[in-house]
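Here is how the chains run, residue by residue.
Number of protein chains: 2
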Amino acid sequence: MKYPKGIIQTNKKLSTYGNRGMSLENDINSSNEYYRTHNIAVIYKKPTPITIVKVDYPSRKEAVIQEAYFNTPSTTDYNGIYKGKYIDFEAKETKQNRFPLTNIHAHQLEHIRLIIEHGGIGFLLVRFLKSNETFLLDGNKLFDFLEQTKQKSIPIEYFKQEGFFIPIKYAPRIPYLSIVEEIYFKGEAYEENT
Amino acid sequence: MKYPKGIIQTNKKLSTYGNRGMSLENDINSSNEYYRTHNIAVIYKKPTPITIVKVDYPSRKEAVIQEAYFNTPSTTDYNGIYKGKYIDFEAKETKQNRFPLTNIHAHQLEHIRLIIEHGGIGFLLVRFLKSNETFLLDGNKLFDFLEQTKQKSIPIEYFKQEGFFIPIKYAPRIPYLSIVEEIYFKGEAYEENT
Numbered sequence: 146m147k148y149p150k151g152i153i154q155t156n157k158k159l160s161t162y163g164n165r166g167m168s169l170e171n172d173i174n175s176s177n178e179y180y181r182t183h184n185i186a187v188i189y190k191k192p193t194p195i196t197i198v199k200v201d202y203p204s205r206k207e208a209v210i211q212e213a214y215f216n217t218p219s220t221t222d223y224n225g226i227y228k229g230k231y232i233d234f235e236a237k238e239t240k241q242n243r244f245p246l247t248n249i250h251a252h253q254l255e256h257i258r259l260i261i262e263h264g265g266i267g268f269l270l271v272r273f274l275k276s277n278e279t280f281l282l283d284g285n286k287l288f289d290f291l292e293q294t295k296q297k298s299i300p301i302e303y304f305k306q307e308g309f310f311i312p313i314k315y316a317p318r319i320p321y322l323s324i325v326e327e328i329y330f331k332g333e334a335y336e337e338n339t
Numbered sequence: 146m147k148y149p150k151g152i153i154q155t156n157k158k159l160s161t162y163g164n165r166g167m168s169l170e171n172d173i174n175s176s177n178e179y180y181r182t183h184n185i186a187v188i189y190k191k192p193t194p195i196t197i198v199k200v201d202y203p204s205r206k207e208a209v210i211q212e213a214y215f216n217t218p219s220t221t222d223y224n225g226i227y228k229g230k231y232i233d234f235e236a237k238e239t240k241q242n243r244f245p246l247t248n249i250h251a252h253q254l255e256h257i258r259l260i261i262e263h264g265g266i267g268f269l270l271v272r273f274l275k276s277n278e279t280f281l282l283d284g285n286k287l288f289d290f291l292e293q294t295k296q297k298s299i300p301i302e303y304f305k306q307e308g309f310f311i312p313i314k315y316a317p318r319i320p321y322l323s324i325v326e327e328i329y330f331k332g333e334a335y336e337e338n339t
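Heads up: the sequence lines are chains A and B, in that order.
Under the numbering used here, think of the first position of the first sequence as 146, with each following residue one higher.
Under the numbering used here, think of the first position of the second sequence as 146, with each following residue one higher.
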């Protein structure tokens, strides 16, 4: 089908998304790549959990999944190792000034709780898109909030008070392991320095 | 379409697979579930990595993946935490009396090497289907073999000498963490007891 003269097809995706900032997921993935290539940590995003129903094998090496469904995740999206310690976290963006707890599944909360119980490091990374601020909130601080209140969302103020602001840099884009280092390895978050 | 009299349709899948032993993957998944429910360890199989090309959203909550492709995995299939330590492994079955190294991707070998370098525990679980024997082979023992020889497969004898046999039990089906405990926590594998 030909287009009438004078109409130029534009790449809608490019014009819509081109000038946006990178998503939190992209920032974390590129940071994890930086951490891996610099031999600082080995942390990956897990693949999306799906149930495959129908696969077509046109040849030995080529397989096309033709029917599959998304599963509810039972764990968090990211895990790996840093300085011998098991690291586990979930990352979320929100357009609101509060982080809605519906954004995180009950299974994922329980998973973070278990990880901490077994001696690992578990936390949330949350980006507030309005102000473009990203915070790390330790799992225990998250559970403190859930125990103290029946609120269905966590205000940004709680992240400012109890979490840690992560500045956006060039490389790694989102240096969350510097914060992890401060909190869990130097103990600055929980110990009073006199 | 009706079937002629006297012909009874049988469930081919059931008759073919029904009497087989559980696969190594099923054994590990059920063992990991046992370890989780008994609060011994938090270890999961990662979802299969795929690239999603086309998704149909017939309604808000229902999404059907209509076109996707399998990716080459860059990490191992299983990871998690046991007694505060990061655990990472790949599991494979073979019909031969040797484990073909083509069964494991170069990226996965490199991943195991990095995990050990960063202070984690990395190994292979290999089941030899002919004899129905399953072994744990520590990552360093695997790299020793790769350095010492140009062979494209590891003979079962190497697993018997340098690896650890894992008996099949009822629950957990494949108690690989008992072996992990012996090797990495009690140091029986590498220290001489006098």
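Incorrect hints may have been included.
Since the list gives no way to pick out one identical chain from another, each pair is judged satisfied if it fits inside one copy or across any two copies.
[What the hints assert, rightly or not] For lysine to aspartate or glutamate, the following EDC-like pairs were computed, each having C-alpha atoms within a straight-line distance of at most 20 Å:
no.: 1; residue 1: Lys286; residue 2: Glu238
no.: 2; residue 1: Lys190; residue 2: Glu255
no.: 3; residue 1: Lys240; residue 2: Glu278
no.: 4; residue 1: Lys275; residue 2: Glu327
no.: 5; residue 1: Lys275; residue 2: Glu292
no.: 6; residue 1: Lys206; residue 2: Glu278
no.: 7; residue 1: Lys228; residue 2: Glu255
no.: 8; residue 1: Lys237; residue 2: Glu302
no.: 9; residue 1: Lys191; residue 2: Glu255
no.: 10; residue 1: Lys295; residue 2: Glu170
no.: 11; residue 1: Lys191; residue 2: Glu238
no.: 12; residue 1: Lys297; residue 2: Glu255
no.: 13; residue 1: Lys297; residue 2: Glu327
no.: 14; residue 1: Lys331; residue 2: Glu302
no.: 15; residue 1: Lys190; residue 2: Glu238
No lab work stands behind these hints, which were simulated from the structure alone.
Practice task
Could you tell me which of the hints above the structure violates, numbers in ascending order?
Solution key: Result: hints 4, 5, 6, 10, 13 and 14 break, sorted rising.
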